[in-house]
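Residue numbers (the numbering used here), protein chains in the order written: chain A, 1 to 327; chain B, 1001 to 1310; chain C, 2001 to 2686.
Careful: at least some of the hints might be erroneous.
Simulated restraints on C-beta separations [as the list claims (entries may be wrong)]:
1) B:G1279 - A:Q162: 45 to 55 Å
2) B:V1122 - C:E2266: 31 to 41 Å
3) A:Q162 - B:V1122: 52 to 62 Å
4) A:F4 - C:E2266: 53 to 63 Å
5) B:Y1061 - C:R2060: 47 to 57 Å
No wet-lab data here; the hints were simulated from the structure.
For glycine and all other residues, C-beta sits at the position ideal for the given N, C-alpha and C.
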Amino acid sequence: MARFLLRRLLNYAVLVALATTLGYFLAGTTLHPRSNYEGRNPPLSAASINRQLDDLNLNDHTPIAKRFGRWLGGVVHGDFGKTVTGDSVTAEMGRRIGVSLRLLVIGSFLGGLLGVGVGVLGAVRQYHFSDHASAVLSFVILSTPVFLVAVLLKLAALNLNQLTGVQLLDYTGEYTPGLSGGGAHLVLDRVRHLILPTLSIVLGQIAFYSRYQRNAMLDVLGSDFLRTAQAKGLRRNHALIKHGLRTALIPMATFFAYNFGLLVTGATFTEKIFGWHGMGEWFVDSVTTNDVNAVVTVTLFVAVLVLIAGMLSDLAYAALDPRVRIR
Amino acid sequence: MAIPTDPILFDLDEAAALESAEAAGLSRGRLVLRRFLRRRLSVAGLAVLVFLFVLAFLGPYLSKWDYRSHDFNAFLEPPSWSHWFGTSQIGEDVYAQTLRGLQKSLIIGLLAALFSTGLAAVVGASAGYYGGWVERVLMWVVDLLLVLPGFLILAILSPTFRGRTWLLFVILLAGFSWMITARVVRGLSISLREREFVQAARFMGVPSWQIILRHLLPNMSSLLIIDATINVGGAILAETGLSYFGFGVQPPDVSLGTLIADGTRSALTFPWLFLFAGGLLITAVLAVSVVGDGLRDAFDPNAASPRGRL
Amino acid sequence: MSEVLAVSELTVSFPSEAGPVRAVRGMSYSVSSGEVLGIVGESGSGKSVSALAVMGLLPRTARVGGSVRFHGRELLGLGDRELSAVRGKGISMVFQDPLSALTPVYTVGDQIAEAVSIHTDVSKNEAARRAVELLELVGIPEPAIRARAFPHEFSGGMRQRVMIAMAMANDPDVIIADEPTTALDVTIQAQILEVLGTAQEATGAAIVMITHDLGVVAGFADRVMVMYAGRPVEAGGVDDLFYRPRMPYTLGLLGSLPRLDATEREPLTPLEGSPPSLVGLPSGCPFVPRCPMRIDVCSDTEPPLAPTADPRHTAACHRRTEIEARELGPADIFPAPLVGAAAVARLPRESRQPVLEVRDLERHYPLMKGVVFRRQVGTVRAVDGVSFDIREGETLGLVGESGCGKTTTIVQILTLARPTAGTVVVLGRDSARLDRGERRALRRNLSVVFQDPLASLDPRLPVGDILSEGLRTHGVPKQRRNRRVGELLRLVGLGPEHASRYPQDFSGGQRQRIAIARALALEPRLVVLDEPVSALDVSIRAGVINLLEELRARLGLAYLFVAHDLSVVRHIADRVAVMYLGRIIESGAVSAVFDTPAHPYTEALLSAIPIPDPRRERARRRVLLEGDLPSPFDIPSGCRFRARCPRYAALPGGLGARCREEEPVRLPQGADHDAACHYPPAPAAI
């Protein structure tokens, strides 16, 4: 099994390398760092612009292949180049990566768990009120783009805070800068900042997983083996959980991989709107500031994440379904 | 809503149900229509969708304001008789702008969905039917595109469609949203390829491209129709998302995404700037997905297909 | 003998798009411990639904009426809690498809142990130990190890044994077996029936055996009930029912069965038409449209199940007394068509041209394992040196159990591509030496009819397009095509007006007729028939078989008839080839092979086929084979049948070495009869 995982990993690594290369070439040709220096007052000399761009490895007069080679040389040594402001991309990534991961991990974990729960309930109580309600809610949430969810949550929090007269929920940044006080106080502050962004992500995840879990569960509900379990004398609900749910979880492993891209995109909006300094926010800002190195680094980061999600989903699939395991 | 069938069942399985219905003189088309019509929610979705299209394309003629004109007597005014949805910071009529944006978003969604489903059908069916190296190459491209974060790539490419036609944007949007469907289509093609009616055609000497066109694609038409429908919603979401960051529809064009982006900056104080656009956006996507869901139930009540969105 | 289960006036109906489906319309029976009741019916006759109704496992939308009493206690209307206590303990059930009926993610040991621990308060270990005991009882080798395997790692027969082990876990009083052998091969079917017998002995339970196969019932049941359109139409002791049937449907069924024990080729009595839809049944006897004995009263009133001369033998027919009095048999009621032979078929075999010659055909392919993690783990030798030939106007039956390589063989022939090894020569042309144009031209002479007519006709094309597809491909002009479609439809007993309808609009038998028409469109010389009747309901098989015989005679066709059902082959084929693990192990004229089989596998295969004749069936001595068909990627050395061979097992000491070391070749056993066995029975025995 380890050998197959390794081969899979290798295949994935090639894909990541290709994705990154493609990303670099696209970003290197479409983004225009030179424009950052043009039209300044006082105007900079062409030579000085070139010097500064060369220093950042962003000079469009240098052939793109050569720039890519230089960047790649650095990446091999853990150096992802410089931002347009001359800072280290690696250092910036170090600051931002945890922020994004926190959002993504909590989002997929909570979303998956709650989504599966809601989906199962919907299937078991098919056509009951709760099923209809969760169906309608899921549809509405899935039809609402994350940026609208986020803005609406912000609006709601504002009203809530005004109503209660206390700053219950915070919606800017991931913590209050310059806050002093004990450890518990700091933790509480972080939690207050975490709730709304997490909610904006988790709601969509719950909606997504619940729909698919409900369908998978309905498929299983009609299956022969559930009938067998009942024919053995298992009570209906017991059979549903022990034989039905366990089997209906299998397709969820695949959906996890499909869904992860959606989640990453969603997190970009969340970070941007709630002012979290994560990778997504960085990406959006970098595209507008023509920051090629940062843009490509985030692309690499996302590609790696998608692949990890793919691997995890393969592993989960193999763990859940004995039919795909090799003995 | 469909007749409740308790699922712990050996059901009178779908084929048998179809057969008994057909024995009673119902054709497949009629049966699908009947099932669809019974889902009131989906019928309502369809009605809403039709209404939105009418609104988007005929609505602008009801108002005297054009989306490009400015009313210099009204800045940031709330909805009123002269400006039904209010006005913006520079005196634009929000009603005219919103409908213009709705137009653009609907058209983009529709076209992108058609392109992406069409591409998925061709690539997936070819990969599945021919197998061998054709399949390996095509699926490898699919894998690569799946790893490439489509949203990011589109954002990176956004400078290239500044000042060009939005059709380019549509094509790129479709170019990054067909892969999962292509996989589903490939899977179906592989199983259809083994089906006896395809084998029978092959043994008679029918050429491969004819088999794909005459046997494979028509037999997945339900999947493709459903997929295209749902893709409309996905494409609208993707378009508005990209436009929200300024990576999609470029000025002077407007879409629901750009309108919401402009509006949310002052969302907390001037909600009419984005509420109408936001509401229409949610309504449109919701209507599309409800219709898609209804179609799925109507075509194949037992199906659940893996789907994701960009 | 005490009555344990009594069902009376059971009715079941389901809501559906087109109105209520009345799946069961009044059914009564009772069984006593130790007794076997056979319930026979075609698909849709309500037999399975009635079983689920007894178990209380129908969907909630089903409306169930009447009464089901278990030891005198009414079960209908009980809640889930009370019913759960009865299910698996008092009444247990064996389902048809053991792969889908077992939960894929738990080991078989756990699933059996679960059945034990639900009803008995035992420790986990004890339940597991009991599971292993049960596995041993149903004949699973190395039960302690196999208990830890997952259902997908078992063969179909082994899975069905697991189902039976589960059903007998709590010593039930009634075991309901719903088509327990339908998905299985005949040799495995014989094993499973044996195991069911064991289960009955061990538990003393009453068995309700639901099946469509009259042969299975003949040997196994004490009493039989025949269902048609949701109602029992005849019931009685097994001998009464088989020897003195009183309802035309039963008569038709019995007459339409091709018999393994038939000595000469008699035409089958066809039961025209197909069973009615259960939606909106008209009043009157539902069999009326297919009944040659119908009179006016039949269309008005549905006859009740009423006693015949023997009060325990009941039949639902207005004319039962007349049938009884005149001792009418199937051939008296259902006129059988006379089928001649084609002119070419009357010539001696040697002077006829071969249409297909297969020499040493091989097809090997890599065996891949795993879904997520794929890798090659070996080579499957699916077809491993097959040789046979077919001459003009001749029918060769290719028989063997699933997995023996029949299907791979015909696909190899039909693709007309170069095989891994060996040659395929069609009408004198070697398939390996064809260019594109020649291959295309040759395809006109070769066509195929598949097993499942629903799967072999594109549901999205009207019948006319389906029939003309081949004509179009081969450049026949449109006008001629349209004319040909009409001709073809008439040829198979349908009308030209059917051309604009879709396959779904036809019944199973009609669909297979369309598939046959398509195969004949290009006027082929050889038609490959891949199990052409096994997917059809019993009552309509005879009609299709008769049609095939008639077409053969009219058009001088040669058939390659692939089947697992030896009775059908015996009926239709001139010569037969028996396949085992990718090789033909015996072949020859039908009478020679069937009457004096030389290979022990053929012998076992023949003895496993149930005969719809209770007395003969009870008197038969079965040659039961051990175990399953070995996997074609792990073929034993020497004789490939060795591991399951009763003859090899009985060989005295030194003789077996030859079977282990040397692969037998086919040697003549008589005129047009050869077999691949080192120790064929002495000629005296032939």
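Exercise. Which numbered hints turn out to be false for this structure?
Worked result: 1, 2
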